[in-house]
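Enquirer: Given next are the chains, with one letter for each unit.
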Amino acid sequence: MTGAFLAILRRDLRLAFAQGGSVGLVIGFFVIAATLFPLAAGPERQELARVAPAVIWIGALLATLLSLDRLFQADLEDGSLDLLMVGGQPGSVVVFAKCMAHWLSTGLPLVVASPLLGILLGLEPASIVMLAKTLALGTPTLSLIGAVGAGLTVGVRRAGILIAVLVLPLYVPVLIFGAGAVNLAGLGLATGPSLALLGAILLVSLPVGTLGAAAALRLAVL
Amino acid sequence: MLATEALGVIRGERAVLAGIDLTVEAGEALVLRGPNGAGKSTLLRLLAGLLAPATGRITWDGRPIDEDREAHGRRLRYAGHGDALKFALTAWQNLEFWARFEGTPVTAVDTALDRLGLGALGDLPAGILSAGQKRRLGLARLALAPRPLWLLDEPTVSLDAASVEVLAGLIWEHRAAGGMVVVATHDGLALPNARTFTLEKAA
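Line by line, the protein sequences are chains R and W. Sequential numbering from 6 applies to the first sequence in my numbering. Sequential numbering from 251 applies to the second sequence in my numbering.
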């Protein structure tokens, strides 16, 4: 079971970082989307710093969505998904490995890139640290919940928009507590409860995401 | 022994398969024949546990396969229409993934590639292989490690005559070791002492 988990993780990371992989695109999208904002809203520092947490968090949500539609679709198209589902491994192990690879190639680069965007949008150092913390806690949840949407829409043509409609409403709590904690840190207020809630949402989405997506894939393959 | 009893499938309010009774014993080959749309692929997906039957049941040594899907998965090799290849990875990396996924030692990868005549192409990206070479790379999974049941859906598509011979040899060895094979095929894959099961196009 561990062997299968590691095999999928390695393969998906290799593919994500290979030529034509998704990592560069996702970061590029994230940075461009967030830098478009000051161009539209004007360069006033205080204004920008006030909306920066929201901008960066929404940028992270959209960047995650961007790569979700290929999460299982590519495996369905080339026949791998059939073999993964009848490979003698529990579906949830397959899904968990794919979510982990998705986070390592999407969420983690976003966490790493976020301080740069924080500086660009005039956030205080305390807020920048909190931004990275909330993204680190929140983006794994985005991958896990997104996997359910990707699983439900696998095999659907032009699934990207459908996934967005399915999944974005479910991202609301993560967005509220994630961007909220950064705002609180900017005001010098306690952020503990928000971080605890982000952690709790992640813990709930671990079983819900893996088991839910595995069930959805089983329906799709059948 | 693999057996089905009164197997039926409904897709889109149409009965694709109905009343299928078949058995496959150790060492036996069963060739599925029938016109396009007769349900050969569907039957193979059923036997693999990728599809749930609407009626009837499938048993392995007398026990229903859906009792333990994972155990059934570990005893079969399924080769469908897709070759399950990632074009950005090399041929060797593609096969290495499946070896690691199923827990077969990676040393088996080179042997399997050689067996299918792909030994010299291991370092090439799978994407630049020809259609026939891709098919052979997909079929190289069969040679990774023994598993009792092979389910092959049109395995000879885009293979040249020499490669069909290699495949026939693999199947023969597999059967000699007590393996069973169910294969859907239209053309001349020569399998000695194979039984034929003809599917009629459902009305």
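Hints may contain errors.
Over the 12 Å line for every Cβ pair with chain R, so calculated as not near, a few chain W residues [unchecked claim]:
id	residue
1	Gly299
2	Thr309
3	Gly372
4	Ser408
Output of the computed footprint for chain R on chain W, the stretches with three or more beta carbons under 8 Å from beta carbons of chain R [unchecked claim]:
id	segment
5	253-260
6	282-291
7	416-422
8	442-450
These are calculated hints, taken from the structure and not from any lab test. All C-beta atoms in this analysis are idealised placements derived from N, C-alpha and C, irrespective of residue type, glycine included.
Enquirer: If a hint holds in the structure, say so; if it does not, say that too.
Expert: Tested hints:
Here Gly299/W does not stay apart from chain R, with its beta-carbon only about 6 Å from theirs, under the 12 Å limit. The beta carbon of Thr309/W is kept farther than 12 Å from every beta carbon of chain R, the shortest such distance being approximately 17 Å. Interface exclusion of Gly372/W from chain R stands, the closest Cβ pair being 16 Å apart, more than 12 Å. Listed as a non-interface residue, Ser408/W keeps its Cβ farther than 12 Å from every Cβ of chain R; the least gap is roughly 14 Å.
For the segment 253-260 of chain W, the proposed coverage by chain R is not satisfied: 0 residues have a C-beta within less than 8 Å of a C-beta in that chain, short of the threshold of three. Under the rule that three or more residues need a Cβ within less than 8 Å of chain R, the assignment of the segment 282-291 of chain W is violated, with 0 such residues. For a cut-off of 8 Å, the count of residues in the segment 416-422 of chain W with a CB near a CB of chain R stands at 0, and the three-residue condition is violated. Judged by the Cβ-Cβ criterion of 8 Å, the segment 442-450 of chain W is not covered by chain R as claimed, because only 0 of its residues qualify and three are needed.
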